[in-house]
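Single-letter residue listing:
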Amino acid sequence: MNQTVVSYLSQYEFYDFLLALFRSNQGVLAFTLYLLLALIIVGMCATIGGLGTYAERKISADLQARIGPNRVGPYGLLQMLADGVKMMTKEDIMPFTADKKLFYLAPLLCLTGVFATLAVLPFSSGFIMADLNVGIFYLVAISSLVGLGVFLGGYASNSKWSMLGGMRGASQIISYEIPVTISILAIVLLAGGMGFGTIVGRQGGLPHEWFMFHNPFAFIAFFVYSVGALAETNRAPFDLPEAESELVSGYHTEYTGMRFGFFALAEYIEVFVVCGVAASLFLGGYNVPGIKLDILPMQAAQFVIFMTKTLVLYYVVIWIRWTLPRLRVDQLMSVCWKYLTPIAIFNLMGCAIWMVVFNGKSIAELVLGSH
Amino acid sequence: MFLQFLFISSAVLTVSCALGVLMVKNIMHSCVFLLGSLMGIAGLYATLGADFVAITQIMVYVGGVVILMLFAVMLTGGNDFVSRAQNLLGLPASMGNKWTYAIGLLVGVVFLLTNIQLIRGLTKALPVKTITNEFPSTVTQIGHLLVKDHVLAFEMSSVLLLGALVGAAIIARPRKQN
Chain A
9 MNQTVVSYLS QYEFYDFLLA LFRSNQGVLA FTLYLLLALI IVGMCATIGG
59 LGTYAERKIS ADLQARIGPN RVGPYGLLQM LADGVKMMTK EDIMPFTADK
109 KLFYLAPLLC LTGVFATLAV LPFSSGFIMA DLNVGIFYLV AISSLVGLGV
159 FLGGYASNSK WSMLGGMRGA SQIISYEIPV TISILAIVLL AGGMGFGTIV
209 GRQGGLPHEW FMFHNPFAFI AFFVYSVGAL AETNRAPFDL PEAESELVSG
259 YHTEYTGMRF GFFALAEYIE VFVVCGVAAS LFLGGYNVPG IKLDILPMQA
309 AQFVIFMTKT LVLYYVVIWI RWTLPRLRVD QLMSVCWKYL TPIAIFNLMG
359 CAIWMVVFNG KSIAELVLGS H
Chain B
62 MFLQFLFISS AVLTVSCALG VLMVKNIMHS CVFLLGSLMG IAGLYATLGA
112 DFVAITQIMV YVGGVVILML FAVMLTGGND FVSRAQNLLG LPASMGNKWT
162 YAIGLLVGVV FLLTNIQLIR GLTKALPVKT ITNEFPSTVT QIGHLLVKDH
212 VLAFEMSSVL LLGALVGAAI IARPRKQN
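Line order of the protein sequences matches chains A and B.
If you read the first sequence in my numbering, its first letter stands for residue 9, the second for the next number, and so on.
If you read the second sequence in my numbering, its first letter stands for residue 62, the second for the next number, and so on.
None of these hints come from the bench; they were simulated from the model.
It should be emphasised that the depicted structure is a prediction, and the values quoted were computed from it without experimental measurement.
Glycine included, every Cβ here is placed at the ideal spot set by N, Cα and C.
Among these hints, one or two may not hold up.
As the list claims (entries may be wrong) - Here chain A is said to cover these stretches of chain B; the calculated rule only asks that three of the stretch's residues, wherever they fall, bring their Cβ under 8 Å from a Cβ of chain A:
hint, segment
1, 84-96
2, 106-118
3, 123-134
4, 210-221
So that you can see chain B by itself, here it is in the shape it has in the complex (with noise of 0.2 Å):
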């Protein structure tokens, strides 16, 4: 029953930010939404028994990701910049024109059913049964993955990690005058 609470209430949060991050005109308000967002997919997570990836979640995006939004748009102009020109739906004009709506209703409808598709494949294949674990937590699990069978990836994320920081390094060093 608990987990029941805690998944209505974690899709509820998810869903309903995740609109709020649409709906709200003040682009401050949609990042703090989005946060509600990911919160709620955090919440998804602890739900499927993964405490990890959950709380990774939560470092990456709640401390991470929003912090970084929130600096860029205030840097960037912040509330000043709200969009006051509507299209004939009554959005943001910025949002797009009359096309890419056709367009995206398309891929939504082209996704829709494939998502479809695959679930009900899913849920008639799937047995019912105990999953066995050897691992007495799921870091563990997630430790032996990395660095056994997906060594390769994690060392190349590593590298492009190290990539990224040496380029940001070298962008934000002072210029030499000459």
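Just chain A, with the same shape it has in the complex (with noise of 0.2 Å):
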């Protein structure tokens, strides 16, 4: 069956007081519980996709050796806010020429693609709204309404550089989800399953029992998925779709203020939920290392750890940015279709083999012995 928060909660005591509170009224309480959780991940996504932008100038102002914000707040770190503040208020223009509807659609999309894919993010063991068996390939369908919501949006705004950030846009997107999706592929292989709660739960907390060393294809994967991956979130080098030099500022040329806002948002939670499913896949997860309790106060260093590698991940996203010129349309299309995808479907096919030749040992349980 499909676990989810609630039914993970509702093995602890203080679900049958609530469970009074409420009147015994099961789907009264679960509905509560989900919107309160609901609004705990969204808000929480919301502040680390905001934090992003202070993290992305402050470390594109290290690497550059300059200060960077500083003004606001502590070290600058009410800098998001006073963004926020100022986006709100900036007037709301729209092109005379521009399609309405799809003017306004477009960067929710964008926005409910991106919040969607929350629900299956495993921030720890219980702490995962809904731990799907098709997690993983939830994840990579749901996501594809964001470029969806690019293409919408170069297409709606009427003007040439928004329609080839757009179209940009959305090939790229399409393209690179291919190799991801195979990477994503080799390691639903190796674990058995494509829920997030099963992946990770068939590694363990140190770096011996993580998928990325359980064998040398799993190695490569990773590496696959990474570059994939930064492709799919439209992040430097392969920020085509918004090349400043060349196309202003790509599919959202037009927009102004939040609905700008919207789109920039939901590229910085979307780098977050893609390096979260990198360390879930591939860098052990949420796993403890070395202990295995199933009580509450373990929720939270779980998620400690579940935090500080996506995070980690984050820091080296926000590096390639600022370190990596940007490549041309035909080198990325030749770097997905000639070199990314073969290099996916025959780690998928090496990891296949793997499986069957060591009767799914990793490296370290051959050359250690199996326990």
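Hints in hand, dock the two standalone chains.
Here it is as structure tokens:
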């Protein structure tokens, strides 16, 4: 069965207390809990997205020997609030010839696609909104709404820059979905399931128990996934849909105020989601090294572990952005179709053969003897 | 109660968006309505407990087909191609003349009657029983079915897809000048 956060909480005593509070109405209580936790997760991830913009500027400043934002709040930490207020109070301009309905719809599609992925992101073994049997598949499928939002945003603006940016965005996202999905499939093969609970549960806390170091093919798959995920989230060096030097700002050139903010927020949260997926698929996810207990304080430790891994990857993504130059469009496509996709398919077959030949044992188990 | 809510909202989404596809004049808007309709169908699958099929519906149609349609519409003229001509019923002329409408109506009536007959038979014959399932999830079940019972169809469809892929590569390949 599909595990959910509510079914996890129901094993504790305070759930019975809450149930008594709701006069034993299971459905209403479950709905309330879901609503509350969804608000918490969305709020938390929106904050992380907002802090992402701050981190981006601060880290880029570090890399370029500048200081970065330092005026608003301690160390400039409240910069994102200032930006938010600025975006809210800006005039909402729409081009006269824009396709109005689609113009309104596009940023919402982007944001919906990203927030919907948060439902299966495993923050800890209990704090995962819904541990679907098809978790990772759901994540890959629903995040294609982002590509649609990018495309429609480019189309509806009715401007040359936006159109080019939107078309680039859609083609890039569709193309890079393939190596990313095949890399994920290799991990699904190792784990024997598509649910995040299964995938993370098959790994351990220590590096030699991670799927990344399970076999050489999974090691390569991690890098294929990382490159593909960078391209899927339109991050540099693959940020061609919004290439400033050619397309002004790409698909969101015509967007102002909070509508632009939605696009930016969606991008930063998507980077967080992608990093979280990489952490839970390849880097052992929320597993705490050495300890296997099923008590409530353990969840906090797992949450910290997961966030640490994810934010380290987030740092690397920003680091890459401010280090590497942008690719050309033809280079982008040849990287995807001529290099990443064949490598990903090779990895998939390699993992399959490894599972058959070594009976599903990892390198560490083969070397250290199985336990 | 939640399942009922899911079913009703999915059904309303599916039907209203399907009507929207037909009613709006702008072909890009039609595509977006189609997206809503397909999402609604995914919701219907989810109501039936077919989680894998529901996600595949989103993956294939939302992630692939609708984006492809939008691309095709945009590259072939997009919004400029709005049919202004109308027939007697006030519908775009390109949708057909009175003969096509008559044939469509006839087919619709026959289809409806057949379906009513089928559904009546089903509701009577269907005994209420709990389905025992030895598989832990639908994914496992589909996997078992694909590589055991329906392996021939599975392999044949993969060969078909490979053929389509090779064909696309040949068409897209730049021709040699000689």
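Consistency of the hints with the structure:
{"no.": "1", "hint": "84-96", "verdict": "holds (count 5)"}
{"no.": "2", "hint": "106-118", "verdict": "holds (count 4)"}
{"no.": "3", "hint": "123-134", "verdict": "holds (count 7)"}
{"no.": "4", "hint": "210-221", "verdict": "violated (count 0)"}
Against the hints set out earlier in the document, a violation occurs for number 4 only.
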